[in-house]
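Based on these hints, arrange chain R on the given structure of chain W.
Listed below are the residues making up each chain.
2 protein chains.
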Amino acid sequence: MTGVTSRKRGRPPGTESSDTRDRILTAAREEFSERGYEKTSVRGIAKAAGVDSALVHHYFGTKEQVFEAAVEVAFSPALKMRDVVLEGPIEGAGERMTRFVFGLWENPVTRKPLLAIIRSAVNNEAAAAVFRRLVATQLMRRIADELDTPDAELRAELAAAQLVGVAMMRYVIRIEPVASADVELIIARVAPVVQGHLTNP
Amino acid sequence: MTGVTSRKRGRPPGTESSDTRDRILTAAREEFSERGYEKTSVRGIAKAAGVDSALVHHYFGTKEQVFEAAVEVAFSPALKMRDVVLEGPIEGAGERMTRFVFGLWENPVTRKPLLAIIRSAVNNEAAAAVFRRLVATQLMRRIADELDTPDAELRAELAAAQLVGVAMMRYVIRIEPVASADVELIIARVAPVVQGHLTNP
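So the protein lines, in turn, are chains W and R. Residue numbering for the first sequence follows this note's numbering, starting at 1 and increasing by one per position. Residue numbering for the second sequence follows this note's numbering, starting at 1 and increasing by one per position.
None of these hints come from the bench; they were simulated from the model. Here the structure is a predicted model, which means the values were calculated and not measured. Think of the CB as a built atom: it goes at the ideal place given N, C-alpha and C, for glycine as much as any other residue. Be aware that one or more of the hints could be misleading.
[Said to hold, decoys possible] Capping the alpha-carbon separation at 30 Å, the derived lysine-lysine pairs in BS3-like fashion look like this:
{"id": "1", "chain 1": "W", "residue 1": "K112", "chain 2": "R", "residue 2": "K39"}
{"id": "2", "chain 1": "W", "residue 1": "K39", "chain 2": "W", "residue 2": "K112"}
{"id": "3", "chain 1": "R", "residue 1": "K112", "chain 2": "R", "residue 2": "K39"}
{"id": "4", "chain 1": "W", "residue 1": "K39", "chain 2": "R", "residue 2": "K39"}
{"id": "5", "chain 1": "R", "residue 1": "K112", "chain 2": "W", "residue 2": "K39"}
{"id": "6", "chain 1": "R", "residue 1": "K112", "chain 2": "W", "residue 2": "K112"}
{"id": "7", "chain 1": "W", "residue 1": "K47", "chain 2": "R", "residue 2": "K39"}
{"id": "8", "chain 1": "W", "residue 1": "K39", "chain 2": "R", "residue 2": "K47"}
{"id": "9", "chain 1": "R", "residue 1": "K80", "chain 2": "R", "residue 2": "K112"}
{"id": "10", "chain 1": "W", "residue 1": "K80", "chain 2": "W", "residue 2": "K112"}
{"id": "11", "chain 1": "W", "residue 1": "K112", "chain 2": "W", "residue 2": "K47"}
{"id": "12", "chain 1": "R", "residue 1": "K47", "chain 2": "R", "residue 2": "K112"}
[What the hints assert, rightly or not] Reference listing, derived: stretches of chain W covered by chain R, where coverage requires no fewer than 3 residues with Cβ under 8 Å from a Cβ of chain R:
{"id": "13", "segment": "115-124"}
{"id": "14", "segment": "128-135"}
{"id": "15", "segment": "152-161"}
{"id": "16", "segment": "171-185"}
[Claimed, not checked] One side only, chain W facing chain R, incomplete, derived with CB under 7 Å:
{"id": "17", "residue": "V164"}
{"id": "18", "residue": "V166"}
{"id": "19", "residue": "M168"}
{"id": "20", "residue": "A188"}
{"id": "21", "residue": "R189"}
{"id": "22", "residue": "V193"}
In isolation and in its complexed conformation, chain W is listed as follows (with noise of 0.2 Å):
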């Protein structure tokens, strides 16, 4: 993926240059989430990380490289869902999926950059090509590894569907009452639908 491209086409790393990527990293996060995809600029990024925009291009590339760099990272705690279905019986799959993307939504920190990501995809076709490579390669795939049916990433994501329909709902464009509700009674209403749609015959 891009990081590693990068890495290879930059300095050895050290802690320098590591340093100087993880700032420049953290910055498009702050300014893609801020602003969106559209309205964010390389020389936008390289202000607020405080190097000049020629680094970000020499780490990252174009605007849509360093976006897909910051969604990655965005996004690493969303991948971990793979290990959360694997975690027990497929049965209680369903279950874990919705309590870990809910527990990703409730929490402030993970909600801001699922905001950023969403907004983007939703209104810039390069922001959605980079939502399209990580949600299909990096997570619906590996779920749908995990499920013994030629329809597996279908299911996959036909699951994944219900759990952006209702984070759209309660969290983006909030909508009562489910942006209201208590969240264990929206997870005990969502977790059989996406076990349904997982393992239902």
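Positioned in the frame of chain W, the structure of chain R alone reads:
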């Protein structure tokens, strides 16, 4: 709603004024669809409609109010959902709702304004507020009225969330395989979930 209020403030309804009003609304729908809420201006709408900005303000008020009127028109097919729910026994409401929603999304003419509404609501708080009012009061509450349980609104919203989530993944972000799957297969998987949210004990 906005439309009624501004018509009162305007000239008595006649051919000329209602033509102008419709022309402004059509232009507004186009502008909001193409550019999203934030990049659309009353001036741009007026220009596209071939009228003076003052006339747009006269008929509709602020940009948020123009948006609300335009969205109401674009949203009006979706508001028929309540009739769809009422059309037959409640045990079939899940499939009827699901079929109806995918019918709107599969048709390019109705898909475009739905895309515009979602994109605007996800990225702009004023647009989200319009969406909330419309979805909550005009759609969810009406469907909930047909369900005979105390948690009817939450049920209607969780059902809608499954539909919104699939629409996000299939039509907005376009993640495979859900984006290219046969719509009848999607309906067969999703309708029982929608039904379950509405009526499961």
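Exercise. So which hints don't hold here, by number, going up?
Worked result: 20
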